[in-house]
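Use these hints to put chain B onto chain A, whose structure you have.
Read off the chains here:
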Amino acid sequence: DAKTTQPPSMDCAEGRAANLPCNHSTISGNEYVYWYRQIHSQGPQYIIHGLKNNETNEMASLIITEDRKSSTLILPHATLRDTAVYYCIVRSDTSGTYKYIFGTGTRLKVLA
Amino acid sequence: KAGVTQTPRYLIKTRGQQVTLSCSPISGHRSVSWYQQTPGQGLQFLFEYFSETQRNKGNFPGRFSGRQFSNSRSEMNVSTLELGDSALYLCASRIHEGEKLFFGSGTQLSVL
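Chains A and B supply the protein sequences, listed in that same order.
In terms of the numbering used here, the first sequence opens at residue 1 and continues consecutively.
In terms of the numbering used here, the second sequence opens at residue 1 and continues consecutively.
Fair warning: there could be bad hints in the mix.
Claimed, not checked - Each computed EDC-like pair below joins lysine to aspartate or glutamate, with the alpha-carbon atoms no more than 20 Å apart:
no.	chain 1	residue 1	chain 2	residue 2
1	A	Lys69	A	Asp93
2	A	Lys3	A	Asp82
3	B	Lys57	A	Glu31
4	B	Lys100	B	Glu82
5	A	Lys109	A	Asp82
6	A	Lys52	B	Glu99
7	B	Lys13	B	Asp85
8	B	Lys13	B	Glu52
9	B	Lys100	A	Glu66
10	A	Lys99	B	Glu99
11	A	Lys69	A	Glu55
12	B	Lys13	B	Glu75
13	B	Lys13	B	Glu82
14	A	Lys109	A	Glu31
15	A	Lys99	A	Glu14
16	A	Lys52	A	Glu31
17	B	Lys57	A	Asp93
18	A	Lys99	B	Glu52
19	B	Lys100	A	Glu14
20	A	Lys52	A	Asp67
21	A	Lys109	A	Glu14
22	B	Lys100	A	Asp93
23	B	Lys57	B	Asp85
24	B	Lys100	A	Glu55
25	A	Lys109	A	Asp93
To be verified - Okay, the calculated beta carbon distance ranges per label pair:
no.	chain 1	residue 1	chain 2	residue 2	range
26	B	Ser70	A	Ser41	37 to 43 Å
27	A	Lys109	B	Ser70	43 to 49 Å
28	B	Gln54	A	Asn30	22 to 28 Å
29	A	Thr5	B	Lys100	35 to 41 Å
30	A	Pro7	B	Ser70	42 to 48 Å
31	B	Thr5	A	Asn57	37 to 43 Å
32	B	Asn59	A	His77	21 to 27 Å
33	B	Gln54	A	Gln45	23 to 29 Å
34	A	Arg16	B	Gln54	41 to 47 Å
35	A	Asn30	B	Gly3	25 to 31 Å
36	B	Glu52	A	Glu58	33 to 39 Å
37	A	Ala13	B	Asn59	36 to 42 Å
What the hints assert, rightly or not - Examples of chain A residues toward chain B, derived with CB under 10 Å:
no.	residue
38	Met10
39	Cys12
40	Tyr36
Hints listed in this document are in silico derivations from the structure and should not be mistaken for laboratory results.
From the three backbone atoms N, C-alpha and C, an ideal C-beta is built for every residue, glycine too.
The shape of chain A in the complex, shown without the other chains (with noise of 0.2 Å):
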């Protein structure tokens, strides 16, 4: 199963972009990148998906390196409600079978 390596912890300032990366170097070619996010105490949202094309969608955008070993996840413009855990997810393939392995994840701070 692919694996999946984020920063452990990002500041941004309020109203700026937020770019959150996320390497993926092992995965294959069929599968996905998922992006979620955690607040506390909630079970995680989705965020936005992808497999090779740039993605964006009214939360976010995803940019998906041509080679696809890495992507990031970024938030126009950032606003203290978007402090959460992100977590860059690749949705794995076996057998016809999906199953979503989690990394550790980032703990985005938006800053006022």
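Positioned in the frame of chain A, the structure of chain B alone reads:
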């Protein structure tokens, strides 16, 4: 549409006891998976059920078991509780294979 519902929210047990946790998925979702979250190990996959069949299993001892009912509701059982079983147990549902996970708020289990 109601989200994923987990009961109870908090639970206190003593070593050697057994516990059953409940998860009601989002209506129409047929897949339910369970995760254990601890400060030291992070989010770890326990197992996944789809249409009452276990489709995937993580690396946990046989004391951890689960089942899914015909209405897609799922239960997780832990027998002979150990102190190390203290954790937040999260349930997630999805419509079918490959779709994003929707998490509940979890059951916080404390083993004394």
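Checked hints:
| no. | hint | result |
| --- | --- | --- |
| 1 | A:Lys69 with A:Asp93 | holds (17 Å) |
| 2 | A:Lys3 with A:Asp82 | violated (25 Å) |
| 3 | B:Lys57 with A:Glu31 | holds (19 Å) |
| 4 | B:Lys100 with B:Glu82 | violated (32 Å) |
| 5 | A:Lys109 with A:Asp82 | holds (8 Å) |
| 6 | A:Lys52 with B:Glu99 | holds (17 Å) |
| 7 | B:Lys13 with B:Asp85 | holds (10 Å) |
| 8 | B:Lys13 with B:Glu52 | violated (28 Å) |
| 9 | B:Lys100 with A:Glu66 | violated (23 Å) |
| 10 | A:Lys99 with B:Glu99 | holds (11 Å) |
| 11 | A:Lys69 with A:Glu55 | holds (16 Å) |
| 12 | B:Lys13 with B:Glu75 | holds (17 Å) |
| 13 | B:Lys13 with B:Glu82 | holds (10 Å) |
| 14 | A:Lys109 with A:Glu31 | violated (29 Å) |
| 15 | A:Lys99 with A:Glu14 | violated (34 Å) |
| 16 | A:Lys52 with A:Glu31 | holds (9 Å) |
| 17 | B:Lys57 with A:Asp93 | holds (13 Å) |
| 18 | A:Lys99 with B:Glu52 | holds (17 Å) |
| 19 | B:Lys100 with A:Glu14 | violated (28 Å) |
| 20 | A:Lys52 with A:Asp67 | holds (9 Å) |
| 21 | A:Lys109 with A:Glu14 | holds (9 Å) |
| 22 | B:Lys100 with A:Asp93 | holds (14 Å) |
| 23 | B:Lys57 with B:Asp85 | holds (17 Å) |
| 24 | B:Lys100 with A:Glu55 | holds (15 Å) |
| 25 | A:Lys109 with A:Asp93 | violated (33 Å) |
| 26 | B:Ser70 with A:Ser41: 37 to 43 Å | violated (32 Å) |
| 27 | A:Lys109 with B:Ser70: 43 to 49 Å | holds (45 Å) |
| 28 | B:Gln54 with A:Asn30: 22 to 28 Å | holds (23 Å) |
| 29 | A:Thr5 with B:Lys100: 35 to 41 Å | violated (22 Å) |
| 30 | A:Pro7 with B:Ser70: 42 to 48 Å | holds (44 Å) |
| 31 | B:Thr5 with A:Asn57: 37 to 43 Å | violated (26 Å) |
| 32 | B:Asn59 with A:His77: 21 to 27 Å | violated (40 Å) |
| 33 | B:Gln54 with A:Gln45: 23 to 29 Å | holds (26 Å) |
| 34 | A:Arg16 with B:Gln54: 41 to 47 Å | holds (45 Å) |
| 35 | A:Asn30 with B:Gly3: 25 to 31 Å | holds (29 Å) |
| 36 | B:Glu52 with A:Glu58: 33 to 39 Å | holds (35 Å) |
| 37 | A:Ala13 with B:Asn59: 36 to 42 Å | holds (40 Å) |
| 38 | Met10 | violated (17 Å) |
| 39 | Cys12 | violated (22 Å) |
| 40 | Tyr36 | holds (8 Å) |
When the structure is compared with the earlier hints, violations turn up for hints 2, 4, 8, 9, 14, 15, 19, 25, 26, 29, 31, 32, 38, 39 and for no others.
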